[in-house]
Amino acid sequence: MDVLMLSRLQFAAATFFHFLFVPLTLGLSILIAIMETKYVRTGDEDYRRMAKFWGKIFLVNFAVGVVTGITLEFQFGTNWSRYSRYVGDIFGSLLAIEATLAFFLESTFLAVWAFSWNRLSPRFHAVCIWLVAFASNLSALWILIANSWMQHPVGYVLRNGRAEMQDFLAVVTQRFAIQQFIHTVSGAYILAGFVVMGISAYHLLRRQNTTFFTKSFRLALGFALIFSVVEIVQGDLHGAEVAKIQPTKLAALESIWETEAGAPMYLFLIPDPGREKNLMEFGRIPKGLSMLAYRDPNAVVKGLKDFPKNDRPPVTLTFVAFRVMVGLGFLFVLLTVVGWFKRKNLEASPGYLKLMLYAIPLPYIALQCGWIVAEVGRQPWIVYGLMRTSDAVSPIAASQVWVSLVAFILVYSLLGAVAYYLIAKFAKQGPEPAPAVANAGEVS
Amino acid sequence: MLPIIWFILWGVLWAVYFMLDGFDLGMGTLMPFLAKDETDRRVIYRALGPFWDGNEVWLITAGGVTFAAFPTTYAVMFSGLYSALMLILFALILRGVSIAFRGHVDNPRWQRVWDTGFFLGSFLPGLLLGVAFANLFKGLPIDADGIYQGTLFTLLNPYGLAGGILFVLLFIVHGSLWLAVKSHGDLHLRAGRLAAKTWPVLLIMAVLFLLATMRWTSLFDNYAARPVLLLIPVVAVAALIAMRAFIHRAQWWRAWFASALTIVGITLFGVVGLFPDLLKSSLNPAYSLTVFNSSSSPLTLKIMLGVALVFVPLVIAYQIWVHFLFKDKVQPEDLAEETGY
Chain A
0 MDVLMLSRLQ FAAATFFHFL FVPLTLGLSI LIAIMETKYV RTGDEDYRRM AKFWGKIFLV
60 NFAVGVVTGI TLEFQFGTNW SRYSRYVGDI FGSLLAIEAT LAFFLESTFL AVWAFSWNRL
120 SPRFHAVCIW LVAFASNLSA LWILIANSWM QHPVGYVLRN GRAEMQDFLA VVTQRFAIQQ
180 FIHTVSGAYI LAGFVVMGIS AYHLLRRQNT TFFTKSFRLA LGFALIFSVV EIVQGDLHGA
240 EVAKIQPTKL AALESIWETE AGAPMYLFLI PDPGREKNLM EFGRIPKGLS MLAYRDPNAV
300 VKGLKDFPKN DRPPVTLTFV AFRVMVGLGF LFVLLTVVGW FKRKNLEASP GYLKLMLYAI
360 PLPYIALQCG WIVAEVGRQP WIVYGLMRTS DAVSPIAASQ VWVSLVAFIL VYSLLGAVAY
420 YLIAKFAKQG PEPAPAVANA GEVS
Chain B
0 MLPIIWFILW GVLWAVYFML DGFDLGMGTL MPFLAKDETD RRVIYRALGP FWDGNEVWLI
60 TAGGVTFAAF PTTYAVMFSG LYSALMLILF ALILRGVSIA FRGHVDNPRW QRVWDTGFFL
120 GSFLPGLLLG VAFANLFKGL PIDADGIYQG TLFTLLNPYG LAGGILFVLL FIVHGSLWLA
180 VKSHGDLHLR AGRLAAKTWP VLLIMAVLFL LATMRWTSLF DNYAARPVLL LIPVVAVAAL
240 IAMRAFIHRA QWWRAWFASA LTIVGITLFG VVGLFPDLLK SSLNPAYSLT VFNSSSSPLT
300 LKIMLGVALV FVPLVIAYQI WVHFLFKDKV QPEDLAEETG Y
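These protein sequences, in sequence, are chains A and B.
For the first sequence, the positions run 0 to 443 when numbering that gives the first Met the number 0 is used.
For the second sequence, the positions run 0 to 340 when numbering that gives the first Met the number 0 is used.
Next up, chain B with everything else stripped away, as it sits in the complex (with noise of 0.2 Å):
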C-alpha cells in the first residue's frame, strides 16, 4: 500500500510542479513575441518575480521524492535521460540567473543578453520536460540490467516530439493567461488574446496527442481494465472546453484555474496509464521498473509520508498567502521599487 500511496503523490509532484512553473516557463516563451517595449517585459518578470523560485522547489522536490520513495527509478531513469536532463538543468540555471541579473545593470544590450537568456531557459525546459514524459509513457529501452539503450535521439521520436509541443503550448497558454490577470491596459488585452489563439491549436494538439497515445502507448490497458478512472482525461477535457468558454467571457482568473485543472489532468492521466510501472521497458515489459521492485523500504516510506503529510500542507498554505500578499495586478508603482529578485 505504502508504495502505491507514494506513486500517487509522485504523480501530485510532477502535476503540481507543470501547473505552478507552467506559467512561468510560458511567460519566457511567449515574452519575445508579446512584449512590445521595456515596461512590457518589466511587467513580465514582475508578474513571476515573487512566485517562480518556490514554483521551482517543486521540481526539486519531485526530483527529491523519486530518489527517496524510489530510488532505482530515479538511478535508471537520471542516467539514462543523461544528456537531456543536462540539458533541462542547463536551461533552467540559465532562466534563473536571467531573472535574478537581468535588472542589476541598467543598460539595454545587458537586458536583451538576459532576456534571451530567459527565453531559451523557459522554452527549453518546457520543450524537454514534454519530450521526457512522452517518452515515459511510451518506454523507454531499457535492458535486463537497468542500462538505457539509447541516446538523446531516440527520444526525439514523433511521440515524444509530439508531447514536446504540446507542453509548450500548454505553458504559453497557461503564461498568456497568467499574465493577463496580472497586467493592465494594452498588454493585458494582447496577453488575452494570445491565450484566445492559442486556444485551438492547443486543442488540435491535443486531440492529437491523445490518438498518438492509443496508437503508440498501452496506457489506456488501465482505463479499460477500470473504466471509472476515466474521470481523470474527462475532467482534463472537460477543463480545456470550460478555458475556451471563460477566455471567451474575458474571466481570466477562471481561464487560469481551467488551465491549471487542464494541465494536472493531462500530467495525472499519464501517470495513472502508467501503473504500476515507472519506468516502461520498450524492449521487454518484465525489464520494466515498478512500484513493487523499485521502492524504497516501508520504514523509508512510512517516515517520509509523516513529513510529507505535515509539512506540505504547511507549503501550500505559506504559498497560497503569498499568492493573497501580491493578488493585485502589477502597478507602476512596483516596477519603481524592483529589487531586482
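Bound-form chain A, shown alone (with noise of 0.2 Å):
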C-alpha cells in the first residue's frame, strides 16, 4: 500500500474510535447536567447519585475522548501536510479557535467538577458541568464548522498558491455548518439517551435500584425522543443540502446511475459499481427521490454515469452506510415513541426494557455511518471541488506510516477493551447506596 492508502487507513481508525466516545459525552454531559440542577432545585438526594453515578461513566469516556483528539490534530500535519499548507489559513484558524474557546474551558471545568463535590456549593458544583456540557458542543460546533468547510467550502480566495480568508463570517455562519452541527449533535443526544436508557434497562429488569433507574431512564427516554423527531426532519433538510452542494455524493447515496427527470427512489437495491448499474431494484417510489432531494416531482436527478469516473465516491460503501444510517434513525423514532407510552409503568414491560438494553449498539452504529456518509462520499476530494485526496497527503515514507498504523491499531484496541471494560463494571455496579437518613429539602 502507498502513503496515501496508509494515511487514509490511519485517519479513518483514529476518527472512528474517536467518535465512539465522543458523542457519549456531548449527550451525557446535558443529562448530567440537567440530574444535577434538579438536584439543587428540590434536594431529592436520588439526583445526586445520579449524576455521580452516570458522572463515573462519562469521565471514562471523557478521557479517551481527549487522548484520542490530540493525535486527529496533529495528523493534519503528519500525514496530510499538502492538505495543511494548502488550507491551514481557514481550516487550521477554525482548530485553533475551537481549543481556545472551548477545549480550555471543557477540560478545564471537568476536573473541577469531578474533584470538588465537597467543596463547591452544590449550585456552583451544578454550574460547573453545565460550563463543561456547553464548552463540549461549543467544540464540536468548531469542528463541524471546519468539517463543512472541507464539505462545501466558501469565504475564501485562491491566492499565494493556497486558499486563504476572504470572508470569516460566510466560513463560520454558511448554511451547511449549521445543518452538520445539528444533525451531528443530534445524532450525539439520541446516542447519550439509549446509552442510558439501555443501562438503565439491565437494572430494571433485575429489579436492582428501581426508584433510581426509572428516573434515569425517563430523563433520558424524553431526551432522545425529542431528538430523535428532530434528526428525522432536520435529515431531511440536510439531504436537501447535499443534493444542492455534493451531487456526486447525492447520485452515491442513492446509487442512481442515469440522469432522470421525476428520478423514482427504491426502498431496496443492490449497486454492481463494476457494471454501472444496479444489480435489482425493489420497492419503487415514483418521483421519490427528485421529491426529496429537491422539493420538486419533475426535477432532474444527474446520475452518476455522467460525471468521470475519477469523480466519482466509491458508491457501495455510501449506499450501504446511508441506508442503514437511516433505517437506524427511523427505529430510533419508533423506539423511543413505544417507550413513552410504556413510561408511567417500565417495569411491567421486560420485553421492551430488554429490546433497549440491546439497542444500546444501535446509535454508535447510526453515527459511524453517517460519518461514512459524510467523508467517504466527499471522495475523491478532501475539500469538496476544490482539492483531490491524493493531492493532500504528506511527502513521507511509507515505512513510516505503517509502523505508526500497525501502533494505533494496537494500541486503540487495547484502549477501547479497557474503556468498556471499566464502563461495563461501572455499569453494572449500579450507584452508591442511598444516605440512611435521607433529608429531603435540606441541600448542603
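Treat each hint with caution, since some may be false.
[What the hints assert, rightly or not] When the alpha-carbon atoms are kept at most 20 Å apart in a straight line, the in silico SDA-like pairs for lysine to any residue are as follows:
# : chain 1 : residue 1 : chain 2 : residue 2
1 : B       : K137      : B       : T216
2 : A       : K304      : A       : G273
3 : B       : K301      : A       : L168
4 : A       : K427      : B       : N106
5 : A       : K51       : B       : R45
6 : A       : K51       : B       : V104
Derived by calculation from the structure, the hints in this document are not laboratory data.
Quick caveat: nothing in here was measured; it's all calculated off a predicted structure.
Take each chain as given, in its own frame, and dock them per the hints.
If you want it as C-alpha cells, here you go:
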C-alpha cells in the first residue's frame, strides 16, 4: 500500500475510534447537568446520586475522547501536510479557535467538577457541569464548521498558491455548517439517551434500584425522543442541502446511475459499480428522489454515469452506510415513541426493557455510518471540488506510516477494551447506596 | 508586524505549556524513585489531578496556533518529525489514560500497570520534546521543497540529546518542587531533598547546553545584533540561581516560581534566537521557513489575534482560579473522596 492509502486508513481508524467516545460526552454532559440541576432545585438525593453514577461513566469516556483527539489534530500535519499547507489559513484557524474557546473551558471545568463535590456549593458545582456541557458542544460546533468547509468551501480566495480566508463570517455561519452541527449533535444526544436507557433497563430488569433507574430512564427517554424526531425532520433538510452542493454524493447515496427527470426512489437495491448499474431494485417510489432531494417531483437528478469516473465516490460503501443510518434513525423514533407510552410502568414491560438494553450499540452504528456518508461520500475530494485527497498527502516514507498505523490499531484496540471494561463495570455496579437518613429539602 | 506578533505568541504558548505540564511530566518521571508506598503514589496523582488536563490543552493550542498562524511550518515540521511526534502522541495517550484509569480498580497489579504507563508517558514526552526543540534550534535537513531529508535517528545527535536531558532535568526539579508544595510529612521532605540534589546536575547540564548552543547553533547571532535581548537568558540564569536559594530556605512556592521562570526563560531564549526562522534548514539557509514566508494571510492573523486577546486572558483567569480552589496541600480526606479522574 502507498502512503495515501495508509494515511487514509490511519485517519479513518483514528476518527472512528475517537467518535466511539465523543458523542456520549456531548449528550451525557447535558443529562448529568439536568440531573444536578434537579438536585439543586428539589434537594432529592437521588438526583445527586444519579449525577455521580452517570458521571463516573462520563469520566472514563471523556478521558479516551481527549487523548484520541490530540492525535487527530496533529495528523493533519504529519500525514496531510500538503492539505495543511493549502488550507491552513482557514482550516487551521478554526481548529485553533476551537481549542481556545471551547477545549480549555471543557477540560478545566471537568476537572473542577470531578474533584470538588465537597468543595463547592451544590449550585456552583452544577454550574461547572453546565459549563462542561456547553463547552463540549461548542467544541463540536467549531470542529463541524471546519469539516463543513471541507464539504462545501466558502468565503475563501485562491491566492499565493493556497486557499486564503476572505470572509470569516461566511465560513462560520454557512448553512451547511449549521445543518451538520444540528445533525451530528442530535445523533449524539440520541446515543446518550439510548446508553442511559439501556443501562437503566439492565438494572430495572433485575429490579435493582428501581426508583433510581426509572428516573434515569424517563429523563433519557424524553431527551432521546425529542432528538430522534428532530433528527428525522432535520435529516431531510440536511439531505436536500447535500443534493444541492454535492451532486456526486447524492448520486452515490441513492446509487443512481442514469440522469433522470422525476427520478424514483427504491426502498431496496443492490449497487453493481463494476457494470455501472444496480443488480436489483425493489420497492419503487415514483418521483421519490426528485421530490426528496429538490422538493420538485419533476426535478432532474444527475446520475453517476454523467460524472467522470475519477470524480465518483465509492458507491457501495456510501450507499449502504446511508441506508443503515436512515433506517436506524426511523427505528429510534419508533423505540422512543413506544417507550413514551410505557413510561409510567416500565417494569411491567420486560420485553421492551430487554430490547432497549440490546439497542445500546445501534446509535453507535448509526453515527459511524453518518460519518462514512459524510467522508467517504465526499471522495475523491478532501475539500469538495477544490482539492483531491490524493494531492493532500504528506511526502513521507510509507514505512513510517506502516509502523504508526499498526501502533494505532494495537494501542487503540487495547485502549478500547480497557475503557469498555471499565464502563461495563461501573454500569453493572450501580449507584452508591442512598444516604441512611433521607433529608429531603436540605441541600447542603 | 502581525506575523511577528504571532511568532512571539507562538513562543509564549510553548513556554507556558512547558511551564505548566512540566510539573506533571516531572512528577510522572520521578514517581518510581520517590514514592515508597501506595499513599505516596496517590498523593502524587492527586497533586496533579485537577490540573493536568487543563495544562495539556496548552499543547493542543500551541499545535493549533502553529497550524493556524504558520501553516507551511506546521506542514513541514509535523510531517518531517513524523516518527518523533507519533512517539510523543502515543506517550501522552498512555499518560492520560494511566492517570484516568488507575484509580478505577482496587487491585495492586492493575495499579502497577498504570504506574508504569504514567512513568513512560511522562518521561518520554519530556525527553522527546527536548530533543525536538534542540533540533529546531540547530536546524533540520529540510530541502528546497520542504521535505525532511533525515530519519528519527538524525534527531538523536549529541545536541538534540543534550536538549532532551536538559528538559527531563528541568521537569524533574519542577515536579519535585510542585510535590514539595502539595504534600506533607515524609514525602514532602523527600521531594524537597530530590529537588536540592537534582539542582546541581541541572546547573551543569544548563551550562553544557549553553556552551553547546554557542558551538553548534546560530542562536547567539540575534543576541549579538541586539544585546538588549540578552536580558532573556540573564533572567533564566538568575531564576535558576534564585531557585537554589529558595530550595535552601525551604520556600517551596517561591522555588517553584523560580523554576517556572527558568523554564519559560530557556524556551524563550531559544525561540528569540531562532527569529525570524521557525524551521531552520541545516542544508541551506534559503530553504528555511520563516515568520514571513510561512505565515497565514493578514486577515486570518488578525481574526486569530482578536480571538486570542479576548479568550486567552479569560483562560488564564479561570485556570488561576482553579489553582486557588485547590491551593491546599493534599489531605487524607482528599484521597478518600477521590473520584479517579
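- Query: Holds or violated: K137 (chain B) with T216 (chain B), Cα cutoff 20 Å?
  - Reply: holds, 5 Å
Between the alpha carbons of K301 (chain B) and L168 (chain A), is the straight-line distance 20 Å or under? holds, 14 Å
Next pair to validate is K304 (chain A) with G273 (chain A); report whether the Cα-Cα distance is within 20 Å.
holds, 12 Å
Pair hint outcome, K427 (chain A) versus N106 (chain B) [Cα-Cα no greater than 20 Å]:
Roughly 18 Å separates the two Cα atoms, so the pair holds.
Handout entry: Restraint status (C-alpha distance of K51 (chain A) to V104 (chain B) at most 20 Å)
Key = Distance of about 17 Å is within 20 Å: holds.
For this session: Sort out whether R45 (chain B) lies within 20 Å of K51 (chain A), counting only the CA atoms.
Result: holds, 19 Å
Violated hints: none; the structure is consistent with every hint.
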